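K.L.:
Here is what each chain is made of, one letter per residue.
4 protein chains.
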Amino acid sequence: MGKVVAEVIIVPYGTGTPSLSRYVADVERVLKSYNLKTMLTPMGTILEGDLDSVLEAVKAAHQVPFESGALRVGTTIRIDERRDKELDMYEKVKSVEEKLRTE
Amino acid sequence: MGKVVAEVIIVPYGTGTPSLSRYVADVERVLKSYNLKTMLTPMGTILEGDLDSVLEAVKAAHQVPFESGALRVGTTIRIDERRDKELDMYEKVKSVEEKLRTE
Amino acid sequence: MGKVVAEVIIVPYGTGTPSLSRYVADVERVLKSYNLKTMLTPMGTILEGDLDSVLEAVKAAHQVPFESGALRVGTTIRIDERRDKELDMYEKVKSVEEKLRTE
Amino acid sequence: MGKVVAEVIIVPYGTGTPSLSRYVADVERVLKSYNLKTMLTPMGTILEGDLDSVLEAVKAAHQVPFESGALRVGTTIRIDERRDKELDMYEKVKSVEEKLRTE
Numbered sequence: 001m002g003k004v005v006a007e008v009i010i011v012p013y014g015t016g017t018p019s020l021s022r023y024v025a026d027v028e029r030v031l032k033s034y035n036l037k038t039m040l041t042p043m044g045t046i047l048e049g050d051l052d053s054v055l056e057a058v059k060a061a062h063q064v065p066f067e068s069g070a071l072r073v074g075t076t077i078r079i080d081e082r083r084d085k086e087l088d089m090y091e092k093v094k095s096v097e098e099k100l101r102t103e
Numbered sequence: 001m002g003k004v005v006a007e008v009i010i011v012p013y014g015t016g017t018p019s020l021s022r023y024v025a026d027v028e029r030v031l032k033s034y035n036l037k038t039m040l041t042p043m044g045t046i047l048e049g050d051l052d053s054v055l056e057a058v059k060a061a062h063q064v065p066f067e068s069g070a071l072r073v074g075t076t077i078r079i080d081e082r083r084d085k086e087l088d089m090y091e092k093v094k095s096v097e098e099k100l101r102t103e
Numbered sequence: 001m002g003k004v005v006a007e008v009i010i011v012p013y014g015t016g017t018p019s020l021s022r023y024v025a026d027v028e029r030v031l032k033s034y035n036l037k038t039m040l041t042p043m044g045t046i047l048e049g050d051l052d053s054v055l056e057a058v059k060a061a062h063q064v065p066f067e068s069g070a071l072r073v074g075t076t077i078r079i080d081e082r083r084d085k086e087l088d089m090y091e092k093v094k095s096v097e098e099k100l101r102t103e
Numbered sequence: 001m002g003k004v005v006a007e008v009i010i011v012p013y014g015t016g017t018p019s020l021s022r023y024v025a026d027v028e029r030v031l032k033s034y035n036l037k038t039m040l041t042p043m044g045t046i047l048e049g050d051l052d053s054v055l056e057a058v059k060a061a062h063q064v065p066f067e068s069g070a071l072r073v074g075t076t077i078r079i080d081e082r083r084d085k086e087l088d089m090y091e092k093v094k095s096v097e098e099k100l101r102t103e
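Residue numbers (our numbering), protein chains in the order written: chain Z, 1 to 103; chain E, 1 to 103; chain L, 1 to 103; chain U, 1 to 103.
Incorrect hints may appear among the rest.
No copy labels: a pair is met if it fits in one copy or bridges any two.
The calculated DSSO-like cross-link candidates involving lysine-lysine, where the alpha carbons are at most 30 Å apart (straight line), are [unchecked claim]: (1) Lys99 <-> Lys59; (2) Lys32 <-> Lys85; (3) Lys32 <-> Lys3; (4) Lys59 <-> Lys85; (5) Lys85 <-> Lys3; (6) Lys99 <-> Lys37.
By construction, these hints were calculated from the structure, which means they are not laboratory data. From a predicted model like this one, the values you see are computed outputs, not experimental measurements.
Based on the sequences and whatever the hints tell you, model everything.
P.N.:
The following block contains the structure:
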């Protein structure tokens, strides 16, 4: 099984406050504790690693807002996998940026 | 660990034809082989069951388009879990429809 | 511009209750007031119509939870458009189900 | 109407090649031609601006892969809007990173 690049978004519902950064920070701490490359963006966290580890990390991170008292959690994962060549999160951006410069 | 309701979308890229129904049918067959409630919609498949089984099924189904020759697969999972009461995919719709009728 | 099939999910954050069906019902009412085919599923609402109308409906529906007091709203839209033939939400499901029966 | 932070993913189907960076670059060029803050990530493009402009940009960008010959296009938009204070894409990340450092 090869590497995947994935995006994960984990949010609590019904917390009584529109600020979610405390929950996102707790989730981030758990995601970072796995053997994965991670990148925090304004709309989620990007992970890179083998699919098993990514799903393991997401399963653990999905529990985190419940532990902080949330009664409902929504988790979204988008997985991108290529088998003709291995994806790399930095190469993906670089490849687009090169085309933006040269065309 | 309680039950979750989830939506799964698994699509191949670069297959040479805009029709995806053959790939979706193959994915559906694998999703249905797990011990989960499933519902095929025009935009994905809805699953209900414990989180471990849902992720197990999605991991297996994500491999399916590769086995049919796809070189790139994109998989999206949206998971909804409530801990104050157990979610049920039919109840979720019924609860909204009741409010649509009575308000 | 042709027809699209789309999925829309509109949720409030920080409302103080894990139950979202009241908000979903209000959103649904607005989506149904547009000239679109709609289908409520356990994980969102599926719309069919031209892209302009779909985006117009989503823009209006995105305001709805704010009007009910929410301070933060998350809206997700997934749009599927084919130009070699027109997509139809019921045909999409039928086409997969036929392949499930015959193969 | 206030500012939103959004993520956009626009991909062609059935192009015959698993490489999508050429299509993503064309989409990016159109997104950048609008009066919006943009940030290219390994899994999509993040936009910041008023909702009308974001949807206008996405509508235009959704046409781009068709112009390059794609017969099917999938577009996903995730919109985040807060009304108690204005969201800012860099502040969103900073706010999480501060909590990661201090707790």
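K.L.:
Each of the hints needs a verdict: does it hold here or not?
P.N.:
How the hints compare with the structure:
1. Lys99 <-> Lys59: Answer is between: at 22 Å across copies they meet the 30 Å cutoff, but 36 Å inside does not.
2. Lys32 <-> Lys85: Answer is both; intra-copy 25 Å and inter-copy 29 Å each pass.
3. Lys32 <-> Lys3: Both: 17 Å inside a copy, 26 Å across copies.
4. Lys59 <-> Lys85: So Lys59 and Lys85 pass the 30 Å test inside a copy (27 Å) and across (20 Å) alike.
5. Lys85 <-> Lys3: For Lys85 and Lys3, only the intra-copy Cα distance (10 Å) is at most 30 Å; the inter-copy one is 35 Å.
6. Lys99 <-> Lys37: both (25 Å within a copy, 20 Å between copies)
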